[in-house]
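Each chain, written out:
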Amino acid sequence: MARKTAIIGVGQTKYGFKSEEMTWPELARLASARALEHAGLTIDEIDAVVLGLAPTALIGVHAGEQWAAGAVGAVGKPFMRINTGGATGGSAAQAGYYHIASGMARTVLVVSAEKVAESEDAQQVIGSAFDPFYERPFGLNAINMCAFQGLRHMQKYGTTQRQLATIAVRSRANGMRNPLAHLHKPLTIEQALATRNICYPLKLSDCCPRSSGACAIVIAVEDVVKRVCTRPAWIRGYGARTNTFHMGDKMGPALDTDHGDFDDLALAAREAYRMAGITRPEREVSVAEIYAPFTCSEVAAVEALGLCPKGQGGPKAEVGAWDMDGEIPVNPSGGTLCSNPISATAQVRVCEAALQVMQDAGDRQVPGAQIAIATGIGGSLQFHTAMVLGADM
Amino acid sequence: MDQPLSVAGVAQSRYTRSTPEERLEETIYRIAAAALADAGMTRDDVDNVVIAASDAVDGRAISSMLSACSAGAYLKDEIKVADEGGFAIIAAALRLLTGDFETSLIVSWSKPSECELTAIEVIAADPFFTRPFGLTHASSTALMAGCYRKRYALPGDLPAAVVAKNRANGSRNPSLASPDAVTAADVLASRYVAYPVRELELATAADGVAAVVLTRNKQLCRKQPLAKLTGMGWATEGYELGERDLTRFAALEIAAKRAYEMVGITDPLNELDVAEIADLSAYHELMAYEAFQFCGTGEAGRLLTSGATAMGGTLPVNPSGGCLSAWPVFSAGLTRFVECCLQVSGRAEGRQVSGAKTALAHACAGYAGQNHAVMILQAV
Numbered sequence: 001m002a003r004k005t006a007i008i009g010v011g012q013t014k015y016g017f018k019s020e021e022m023t024w025p026e027l028a029r030l031a032s033a034r035a036l037e038h039a040g041l042t043i044d045e046i047d048a049v050v051l052g053l054a055p056t057a058l059i060g061v062h063a064g065e066q067w068a069a070g071a072v073g074a075v076g077k078p079f080m081r082i083n084t085g086g087a088t089g090g091s092a093a094q095a096g097y098y099h100i101a102s103g104m105a106r107t108v109l110v111v112s113a114e115k116v117a118e119s120e121d122a123q124q125v126i127g128s129a130f131d132p133f134y135e136r137p138f139g140l141n142a143i144n145m146c147a148f149q150g151l152r153h154m155q156k157y158g159t160t161q162r163q164l165a166t167i168a169v170r171s172r173a174n175g176m177r178n179p180l181a182h183l184h185k186p187l188t189i190e191q192a193l194a195t196r197n198i199c200y201p202l203k204l205s206d207c208c209p210r211s212s213g214a215c216a217i218v219i220a221v222e223d224v225v226k227r228v229c230t231r232p233a234w235i236r237g238y239g240a241r242t243n244t245f246h247m248g249d250k251m252g253p254a255l256d257t258d259h260g261d262f263d264d265l266a267l268a269a270r271e272a273y274r275m276a277g278i279t280r281p282e283r284e285v286s287v288a289e290i291y292a293p294f295t296c297s298e299v300a301a302v303e304a305l306g307l308c309p310k311g312q313g314g315p316k317a318e319v320g321a322w323d324m325d326g327e328i329p330v331n332p333s334g335g336t337l338c339s340n341p342i343s344a345t346a347q348v349r350v351c352e353a354a355l356q357v358m359q360d361a362g363d364r365q366v367p368g369a370q371i372a373i374a375t376g377i378g379g380s381l382q383f384h385t386a387m388v389l390g391a392d393m
Numbered sequence: 001m002d003q004p005l006s007v008a009g010v011a012q013s014r015y016t017r018s019t020p021e022e023r024l025e026e027t028i029y030r031i032a033a034a035a036l037a038d039a040g041m042t043r044d045d046v047d048n049v050v051i052a053a054s055d056a057v058d059g060r061a062i063s064s065m066l067s068a069c070s071a072g073a074y075l076k077d078e079i080k081v082a083d084e085g086g087f088a089i090i091a092a093a094l095r096l097l098t099g100d101f102e103t104s105l106i107v108s109w110s111k112p113s114e115c116e117l118t119a120i121e122v123i124a125a126d127p128f129f130t131r132p133f134g135l136t137h138a139s140s141t142a143l144m145a146g147c148y149r150k151r152y153a154l155p156g157d158l159p160a161a162v163v164a165k166n167r168a169n170g171s172r173n174p175s176l177a178s179p180d181a182v183t184a185a186d187v188l189a190s191r192y193v194a195y196p197v198r199e200l201e202l203a204t205a206a207d208g209v210a211a212v213v214l215t216r217n218k219q220l221c222r223k224q225p226l227a228k229l230t231g232m233g234w235a236t237e238g239y240e241l242g243e244r245d246l247t248r249f250a251a252l253e254i255a256a257k258r259a260y261e262m263v264g265i266t267d268p269l270n271e272l273d274v275a276e277i278a279d280l281s282a283y284h285e286l287m288a289y290e291a292f293q294f295c296g297t298g299e300a301g302r303l304l305t306s307g308a309t310a311m312g313g314t315l316p317v318n319p320s321g322g323c324l325s326a327w328p329v330f331s332a333g334l335t336r337f338v339e340c341c342l343q344v345s346g347r348a349e350g351r352q353v354s355g356a357k358t359a360l361a362h363a364c365a366g367y368a369g370q371n372h373a374v375m376i377l378q379a380v
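Chains P and A, in that order, are what the protein sequence lines are.
In terms of the numbering used here, the first sequence has 52 at position 52, counting the first letter as 1, and numbering is strictly consecutive.
In terms of the numbering used here, the second sequence has 98 at position 98, counting the first letter as 1, and numbering is strictly consecutive.
By construction, these hints were calculated from the structure, which means they are not laboratory data.
It should be emphasised that the depicted structure is a prediction, and the values quoted were computed from it without experimental measurement.
Quick reminder that beta carbons are idealized off the backbone N, C-alpha and C, glycines included.
Please note: incorrect hints may appear among the correct ones.
[As the list claims (entries may be wrong)] 20 Å max Cα-Cα, derived SDA-like pairs, lysine to any residue:
#1 P:K4 x P:M275
#2 A:K257 x P:M275
#3 P:K4 x A:K257
#4 P:K4 x A:E102
[To be verified] Pulled a few chain A residues facing chain P out of the computed Cβ check, cut under 7 Å:
#5 A56
#6 M65
#7 D77
#8 I79
#9 K80
#10 L97
#11 D126
#12 F129
#13 G238
#14 L241
#15 K357
[As the list claims (entries may be wrong)] Examples of chain P residues toward chain A, derived with CB under 10 Å:
#16 M22
#17 W24
#18 G86
#19 G103
#20 V125
#21 P132
#22 T244
#23 H246
#24 G248
#25 L267
Could you put together the complete structure from these sequences and hints?
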């Protein structure tokens, strides 16, 4: 990381199912305007724009990035769209970093936006990701693919449905303190365990909603940061890994990484920690914003990030280790279990992590947060991103 | 750019009307492996992968789920740019210039034989103002062409001469599977798709895959690199045709200027030896001449007629035959880049511009040339 870079502005919209009052480009524009305002810059002071937009079938406009060029202030500027499925927002943030760290731009706006309610059924769209010859006929979709991961984790480590339910309860409690969260609805453990089965071991309360909304960040090079921002979120490290599409290849004697474990995320995080000089993440990380669309995703992710040993993700959640007053607060924003604007979700994690180290997270602030990690997952749990942000350079 | 980047290897498939014998993932794997072999490298020598692909053209949501590992990304740091293939070079160059990465494998593809392109173009449009008009590549090109022709009183048969030039070039390109030359008379006899644009004045959709190995560390090259990437620029215009001046490519002017400044080019017509331009229509090529400052505004027709852009001219444009001969829809910009690498390394069999040292590659996407990328390649 030859050039020092930092996030100097964060903007988000309220997340909700329909966001009927705004079109998709208008959502992108609102988040962009808020990020610029937070950074204290005007759009004329932005050198380049990166847009995160995952499957366009969800918004019903195939060339969404072209449609939104004006709305996100990209006209006459370098402009690029990133799509790595659910990891899109994490990859877009990394692409924004590349623009600055390469020396090709001094300020960049990165915006990711979703309007999922424009499609009849998100699962139908996401289901078209699967192979038409071998897999689609089985009805494979995002929910059962993640349930397989959870089931495998249960089988390997004895993780229980009750442990998973505590993750939903904590996420909803945290979401109550986040005015932008989609689900503003507290949940008790009894209520969680009484919700209907979706796909074993996942019950309804273990699953994220589908949301609309947008988020944006402004990234700048060191001298701009020092001129305009008193509490930046320094980009200290990042990593990404792509794994095989075929879930079966992540099981059995020939596996390199385990479908139950997010070993691929561990590789991405290891890279991010190496850059950031973090050797004991369980002690050094102050707060984690984890892309966990299902409770069972969080269990594997906290282990992959080294916040606890393998197999301890469930028990640790159950004893409150990741609560706001626990060892390492996980998803103070309420996380993906409270808001899942698909194209934007992984960037929401970056936004929330940035707000934490900027000490600007309002009622969901982890006091004195110094180091935050944000993650993203896309594809068949196969695209992983991690970014470490720090209050200090 | 802090430093030039070295092109260590390239590969491209043959460009065909259809490819029934191979699944797309198989072609991607074969070409990605061929680019590594061309560089004398293995996958272990690459620390990151950049791909560019379109979910709609590939016919599935998040198409990289299946294709990323075919492109060499297994357990690598891989990112997918959902822009024209030329933008994958830009993204990879940005990554390498951070200093965090050494060597990128860049892959882009399109298999239009397995999709209905016009249907995709229609759903590319916003549903409120644009889609009801049935705006497509052809109809948006026609609106642009009409404006340009009227403003500069372009002779009606002139675009046909662009097609004849590029198709004659294409007939000598061994990577094209059906390199039929056409004459200007053939073009003028073809039907209007959207007035004033005729069928043969539009790019010819073709299946194709291209791959490039790019490194910032010349020491890592196992062989003599093919080329140096020394300049690049990219920019977009607004979306609404009504807000734009359709007689010029304003975003391309910005992108070209930026790339020229990095290399120190002030007289592109004479300083460039070869250009591979995104001729999505004959009009795109003519208007690009002006945005690239090969000539003044409104003078593209005269530049073409002078023979300056023909093989043997001052600046041959599209010796490969361009998109008018074969248009791998989403990846055409990466094909242009590969062709430029072959030119400056003297490997452009059958279509070589003799002594080519400096080449310009161009990528273009969107209605009437909304989004552009420009890359300058130089001999090592």
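Hints, verified against the model:
1. Restraint check for P:K4 and P:M275: the C-alpha separation of about 12 Å stays at or below 20 Å, so the hint holds.
2. The suggested pairing of A:K257 with P:M275 is violated, with an alpha-carbon distance near 35 Å, which exceeds 20 Å.
3. At most 20 Å may separate the alpha-carbon atoms for a hinted pair to count; P:K4 and A:K257 exceed this at roughly 28 Å.
4. The suggested pairing of P:K4 with A:E102 holds, with an alpha-carbon distance near 19 Å, which does not exceed 20 Å.
5. Hint status for A:A56: holds, given a least beta-carbon distance of 5 Å to chain P, under 7 Å.
6. Look at A:M65: its Cβ gets to within about 4 Å of chain P, closer than 7 Å, so that hint holds up.
7. With a least beta-carbon distance of about 5 Å to chain P, the hint placing A:D77 at the interface is held under the 7 Å criterion.
8. The closest approach between the C-beta of A:I79 and any C-beta of chain P is roughly 5 Å, which is under the 7 Å cut-off, so the hint is satisfied.
9. Interface restraint check for A:K80: the shortest CB-CB distance to chain P comes to about 5 Å, inside 7 Å, so the restraint holds.
10. A distance limit of 7 Å between C-beta atoms decides the matter here; for A:L97 the minimum to chain P is near 4 Å, and the interface restraint holds.
11. Proximity of A:D126 to chain P holds as hinted, the smallest CB-CB distance being about 5 Å (cut-off 7 Å).
12. Taking 7 Å as the C-beta cut-off, the interface hint given for A:F129 is violated, the closest approach to chain P being about 10 Å.
13. Evaluation of the A:G238 hint against chain P yields a held restraint, the C-beta minimum of about 5 Å falling below 7 Å.
14. With a cut of 7 Å, the hint placing A:L241 at the interface with chain P is violated, because the nearest CB-to-CB distance is about 11 Å.
15. For A:K357, the suggested interface contact is broken, since its CB lies about 25 Å from the closest CB of chain P, more than 7 Å.
16. The interface hint given for P:M22 is broken, as the beta carbon of that residue sits about 13 Å from the closest beta carbon of chain A, more than 10 Å.
17. Hint on P:W24 holds. Least Cβ distance to chain A is approximately 9 Å, under the 10 Å limit.
18. For P:G86, the shortest C-beta to C-beta distance to chain A is roughly 8 Å, which falls under 10 Å, so the interface hint holds.
19. A cut of 10 Å between beta carbons decides the hint on P:G103: the least distance to chain A is about 5 Å, and the hint holds.
20. Because the beta carbon of P:V125 sits about 5 Å from the nearest beta carbon in chain A, less than 10 Å, this interface hint is met.
21. Hint status for P:P132: holds, given a least beta-carbon distance of 8 Å to chain A, under 10 Å.
22. Among the interface hints, the one on P:T244 holds; its C-beta lies about 5 Å from the nearest C-beta in chain A, closer than the 10 Å criterion.
23. The criterion of a C-beta within 10 Å of any C-beta in chain A is met by P:H246, whose closest approach is roughly 9 Å, and the hint holds.
24. Residue-level restraint check for P:G248 is violated (minimum Cβ-Cβ distance to chain A is 14 Å; threshold 10 Å).
25. Of the supplied interface hints, the one on P:L267 holds, with its beta-carbon coming within about 7 Å of a beta-carbon of chain A, less than 10 Å.
Hint check: violations occur at hints 2, 3, 12, 14, 15, 16, 24; the rest are consistent with the structure.
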